[in-house]
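Undergrad: Top line first, the protein sequences correspond to chains A and B.
According to numbering that gives the first Met the number 0, the stretch in the first sequence is residues 0 to 352, in order.
According to numbering that gives the first Met the number 0, the stretch in the second sequence is residues 0 to 728, in order.
Calculated from the structure, these hints are not laboratory results.
Just so you know, not all the hints are guaranteed correct.
Unchecked claim - Pairwise CB distance ranges, derived in the manner of DEER restraints:
id, chain 1, residue 1, chain 2, residue 2, range
1, A, THR247, B, PRO348, 53 to 61 Å
2, A, ASP197, B, LYS608, 50 to 58 Å
3, B, PRO348, A, GLY129, 51 to 59 Å
As the list claims (entries may be wrong) - Over the 10 Å line for every Cβ pair with chain A, so calculated as not near, a few chain B residues:
id, residue
4, PHE89
5, ALA90
6, GLY146
7, ARG292
8, LEU297
9, LEU354
10, GLY377
11, PHE473
12, LYS475
13, MET551
14, LEU552
15, SER609
16, SER614
17, ALA619
18, LEU632
No residue lacks a Cβ here, since even glycine has one placed at the ideal position from N, Cα and C.
The lines below spell out each chain.
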Amino acid sequence: MPKAGPASVEFRHVSMRYGAVTAVDDVSFTIEAGQLVTLLGPSGCGKTTTLRMIAGLEIASEGQVLIGGKDVTRLSAADRDVSMVFQSYALFPHMSVLENAAYGPTVKGLSKAQAQEMALEKLALVGLKGFEKRYPSELSGGQQQRVAVARALVLEPQVLLFDEPLSNLDAKLRRRVRQEIRDLQQALNLTVAYVTHDQEEALAVSDRIIVMSNARVAQQGTPRELYEAPADAFVADFIGDANLLDVTITAVADGRAEVALGPARLSLPSRGLPAGAAKIAIRPHSLLVTRSGPENALPGTIRKSSYLGNHVDLIVDTPVGELFVISPHNEHLPTAGDAIRLAFADTGIVLVP
Amino acid sequence: MRPSTRLALLAGWLGYALIPWYLPEGWGLAGYPFGRAGTALALVLSGASPWLMPIGLALVVATLLSGRAETAGTGRALVWIGLLGLVAFFAQGFAVTLPEQGIPWLAALLGGAGQSQPGMGFGALLTLFSLLLLMCHGLAYRGVCRGDIFTTSTIGVVVLLIGLFIFFPVATILRSALIDQNGALALADFVERLFSPTIWGLGCISAGTNCGVAWNTLILAVLTGVITTLLGLACALLVLRTGMPGKRLMRAMTVLPIITPPFVIGLALILLFGRSGAVTGLMADWFGIPRSRWIYGLPGVLLAQVLAFAPIAFLVLMGVVQGIAPSLEEAAQTLGAKRWTTFRTVTWPLLRPGLANAFLLGFVESMADFGNPLVLGGNFEVLSTKIFFAVVGAAHNQGQAAVLAIVLLVFTLGAFWVQQGWLGSRSYTTVSGKGDSGLPAKLPTSATVLSAIVIVPWVLLTAVIYAVILVGGFVKTMGRDHTPTLEHYRTGFAIDFSHGLYFEGAAWPSLFTTLKVAAISAPLTALIGLLTAYLLTRQHFAGRRLLEFTTMLSFAIPGTVLGVAYILAFNVPPVEITGTGLILVLAFVFRNMPVGVRSGIAGLAQIDKSLDEASATLRARSFTTLRRVVLPLLKPALVAALVYSFVRSITSVSAVIFLVSAEYNLATAYIVGRVEAGEFGLAIAYSSVLIVVMAAGIALIQLGVGERKLGRRHVALASSAAEPSPSRT
């Protein structure tokens, strides 16, 4: 079977409407061939619908979908060179592991021997050699997930889709499986679109992340871009925690803005913002707890303190409001009622529009 | 064009040019390819039937397109060819029929003024399907249903079948109610018939005469609905909420109405309580109570219907009681409510929608019931029997029958509408996927006692009834002469071995016909039902809601109405099939289709949609998905649909009593005939044979289904999909 190789996926102004409800609204993006791109967002933001439009399980109401440069907007799932790993795995319960994996080539009309050979190869790839005769119900959740991956890989699709593939696994397994998926993607040079609502998972596996909110793309970029330069308050809050505060930009010069945050003064990249009211996103790690720190700091009182092993979560009352602070665990465990000062780290503080 | 489209076209040519167009008389092929056994092509070329030419033209144009690629343009052309071909097909079919009938102006337009033609046959059928498929394939080329030929074609076929065999007959009823003998519109006659005192008269209140049939039917239906619901509730509560003994027996009772032909209960009641019945005789001998005919009339019919339909209410309410999450009652108890308070404030309000549902079911069953009122009614006439006598009786008044059928249809559709629209949104007792570890509350003692008092006589009477049915065939005359005898069985089921195997008994022909017709119609019913269920649950297309509504609607059409509709609609060309075995098969298929749809929907609901999608993303088209993924998982539902349509075909009487002929007589119609002739012994013997045959069949098949293992995890599929659905007469 000739291998088509990975292909890019492009959405041009795609919308999906169900009656009055708009599930996806004028979305455009490109997934480069051979990249793993995550669609990230809270539930109901349209990310799964977007993925299903790539698969051909939903046909876009408007716009164009291109795979490998070819317009596939009206093609059904069966006509697209795309495979999908479902959230529920969707393994056929009446077929053995081998029959499940060989389903694609069998349906395509290949001989049984050939289909089984292809299936066995991919099953070995995901580490399931020796499980061919079992039925899905006789496998653990992690093994079922691998069967689903192997089944999707057998036809060597141009694009591989994952719909929240880890949501049915326990926390420890998740970390391992997501790394396996990433390794597989890089080893086989696959184009992968991956849906998740877990930002940590997204940061860990992706080449690029497309953050969706309310049926639209909120921001797209590399994990680092999203974390360090969030386009808006939503992204700042969704990718890693952030304290979002209203601030005033007093002056802008040479791309740097002077910002007044309560009694403290900060100099930050202006990111094109003019002087006036703005928002600031401060990562919980970027507020440093000191007993009697530098001048440029926020005075505060600890309201709540939770001990979490390697760090302490704090809620601190300050003149600019209640702040969430993550402090590395040190000798003096801060306790509720302590008066402290919060200094600012060099990174993890950005202005957002 | 895709190969499948070329195949459809080829079938069209086969039907048009090679196979006789009309329904043959006695399979004679004299004169082929002209005359009665002629092909459409020959008839057109010889100038005998010019009105068939447009159909041929459609095929010619489609053939010219057969080399074209499958683009949207080709698709549009095919849609138009198919559509115009279908229009031409139906136009000539309805315009040129019997002499003096049809649509004269249209016939003249098509070049067949004053001509006539017989009913359509296999050639026409094949051509019809070909045109339909051409249109559906064209739609698929244009991207409808994601370009899936199988889906569009299935939708087309299902819609055509429902239109032809449900809508068309029912519309024919309306038509024949509105026009007089000469085909002219007769609104005045219609209004007079519709509001006639024989239907709506209130004589039973004011004067000492009978009330109108509509009132009789309504009163009977309301009483039956209320009593069956109460019995069913009492029974469900006792079985599920107490430690009552004999629970398994009670559950087994729910199978009885499925395998009992509807009038058999009435028959047994006559043998017990009739003027010369067993109980009547005892009463007269021991207590001097004079023999009377009290059983003939409202009391008898009501008793028979309650006995026949209470198990259905029991089945429904058992589901409702089970559906109440025990944790709700436990919550009430932890908030300080006593048993009775919990029952009154939590359980009962949650039960109410289910009760209303059970009532409506009993109500509709009673309205649609034909056998019991026929056997036990006496002077107490209801709509279904009145319709029957209007058609087959001395009066032979089809207009009257049509009007009565409309009244009955309005009643049942009204009940159906209330059930769907009002109750559908009001049911609280949905079982969530989450496990509920609570224990159901025990029934308060007073409710237990009350329930027991209600159901003990019912269970006893049911037991006696079935004992009578089984014993009745083995005694000379039930009630008079209890000498054991095999005479009834010999009359009905004797086999003569003297000259090879010869089925001598009088009942054999009807039994064989019944089994044959049921065996042919059951797979068709299952197929159409399951395909429809698949379309309704798994495919999105314009008009899906309408199709769903229509299928649901056919639940509400009483058998009597369907029977009348079929003889009115299929007695004349273009579809002239009365008196054949085919009409029996069709009647069963479309009468039982809701059973297939229902079990299909229930089965499909348990198969996660992502399995279909996974199959699609692995390049399988919907037909492959259906065959390799859905059907294997749906096997239990398939078997259930097969069994119940088979069994219902055997027990059904209301629809087929109009459609049987001397050549094709059915078991139930034969038994009703015996009852009318007073041969109770043979009738009861035959009934018990039917019951035993069906019980054995069900047991056999359930054994087979029970042993099926579906990937080990999905064994739960079998139990729920194989749940018996309420039978209707």
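Undergrad: Each hint should be assessed against the structure and marked as holding or not.
TA: Quick rundown of the hints versus the structure:
1. Distance hint check for THR247(A) and PRO348(B): the Cβ-Cβ separation is about 59 Å, which falls inside the suggested range of 53 to 61 Å.
2. Hint check: ASP197(A) to LYS608(B), Cβ distance near 24 Å, so the stated range 50 to 58 Å is violated.
3. Distance hint check: the CB atoms of PRO348(B) and GLY129(A) are about 56 Å apart, consistent with the given range 51 to 59 Å.
4. The claim that PHE89(B) lies off the interface holds: its Cβ sits roughly 32 Å from the closest Cβ of chain A, which is beyond the 10 Å cut-off.
5. No beta-carbon of chain A is positioned within 10 Å of the beta-carbon of ALA90(B); the least distance is around 35 Å.
6. Its beta-carbon lying about 6 Å from the closest one in chain A, GLY146(B) breaks the requirement of being farther than 10 Å from that chain.
7. With a cut of 10 Å on Cβ distances, ARG292(B) stays outside the contact zone with chain A, its closest approach being about 60 Å.
8. Residue placement check: LEU297(B) keeps its beta carbon more than 10 Å from all beta carbons of chain A (closest about 51 Å).
9. For LEU354(B), the condition that its CB be more than 10 Å from all CB atoms of chain A holds, with the nearest at approximately 35 Å.
10. Every CB of chain A lies more than 10 Å from the CB of GLY377(B), the least distance being 56 Å, so the non-interface label holds.
11. Every C-beta of chain A lies more than 10 Å from that of PHE473(B), the closest at about 48 Å, which supports listing it as non-interface.
12. For LYS475(B), the requirement that its beta carbon stay farther than 10 Å from each beta carbon of chain A is met, with the minimum near 56 Å.
13. Taking the minimum C-beta to C-beta distance to chain A, about 22 Å, the non-interface status of MET551(B) holds against the 10 Å cut.
14. The Cβ of LEU552(B) lies farther than 10 Å from every Cβ of chain A, with a closest approach of about 24 Å, so its non-interface assignment holds.
15. The beta carbon of SER609(B) sits about 4 Å from the closest Cβ of chain A, which is not more than 10 Å, so the claim that it is off the interface is violated.
16. Not every beta carbon of chain A lies more than 10 Å from that of SER614(B), the smallest distance being close to 7 Å; the non-interface claim is violated.
17. Taking the minimum C-beta to C-beta distance to chain A, about 4 Å, the non-interface status of ALA619(B) is violated against the 10 Å cut.
18. Distance check on LEU632(B): its Cβ comes as close as 6 Å (rounded) to a Cβ of chain A, failing to clear the 10 Å threshold; non-interface status is violated.
Hint check: violations occur at hints 2, 6, 15, 16, 17, 18; the rest are consistent with the structure.
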